[in-house]
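Student: Please put together the full structure from these sequences, using the hints given.
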Amino acid sequence: MASQNGEPFFLPAERAQSLANYPHARIIQQSAKTIFVSGTSSRRGDNTVVGCTTDADGTHHLDISLQTEAVLQNIGAIIDGATNGACGLQNVVNATVFLTDMKDYAGMNKEWNKNSLLIPALRLGTMASASESDIQWLCDNEKRSATT
215 MASQNGEPFF LPAERAQSLA NYPHARIIQQ SAKTIFVSGT SSRRGDNTVV
265 GCTTDADGTH HLDISLQTEA VLQNIGAIID GATNGACGLQ NVVNATVFLT
315 DMKDYAGMNK EWNKNSLLIP ALRLGTMASA SESDIQWLCD NEKRSATT
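215 is the number of the first residue of the sequence shown in this note's numbering; add one for each residue after it.
No wet-lab data here; the hints were simulated from the structure.
Keep in mind it's a predicted model, so treat the numbers as computed, not measured.
It is possible that some hints are incorrect.
Pairwise CB distance ranges, derived in the manner of DEER restraints [to be verified]:
hint, residue 1, residue 2, range
1, 267, 298, 22 to 30 Å
2, 227, 275, 13 to 21 Å
3, 295, 271, 25 to 33 Å
4, 308, 261, 23 to 31 Å
5, 319, 274, 15 to 23 Å
6, 323, 300, 25 to 33 Å
7, 248, 269, 14 to 22 Å
8, 324, 232, 23 to 31 Å
9, 274, 253, 16 to 24 Å
10, 298, 268, 35 to 43 Å
11, 231, 298, 29 to 37 Å
12, 328, 272, 30 to 38 Å
13, 270, 221, 41 to 49 Å
14, 228, 253, 15 to 23 Å
Note that CB positions come from ideal geometry on N, CA and C, so glycine has one too.
Tutor: Rendered as structure tokens:
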């Protein structure tokens, strides 16, 4: 059901669901060319987190490479679903990456650069206080023509 701020898109139930009251994406009907992907992490459908292991004493160990890879896969699935397969990571034009520790920037950047679909995207990295790495994206929902 569309609202004044766009049509909400939710991933299927077997994928990680929003912990707060927001959809995975909103499709803006007025333009029908831009989607805004909501905060996304490496959380799986069963609420475990890719790239996070926990010792017996409760200490968490995070692997930013695995987390980044999983976040990119999740974002790709959201874009694909919200556009009925018309767009994907190759259509991302702007991304803001929030890291809980700037020491993870090099690992995130290395994983990001492995994905050739994202090379043209404008990206900003910044530190934020959060429970896990989140990526917020603005993406172009217009399918690029083969001549561009």
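Student: Tell me, which hint numbers fail for this structure?
Tutor: Checked against the structure, the hints that fail are numbers 1, 2, 3, 7 and 11, while the rest are satisfied.
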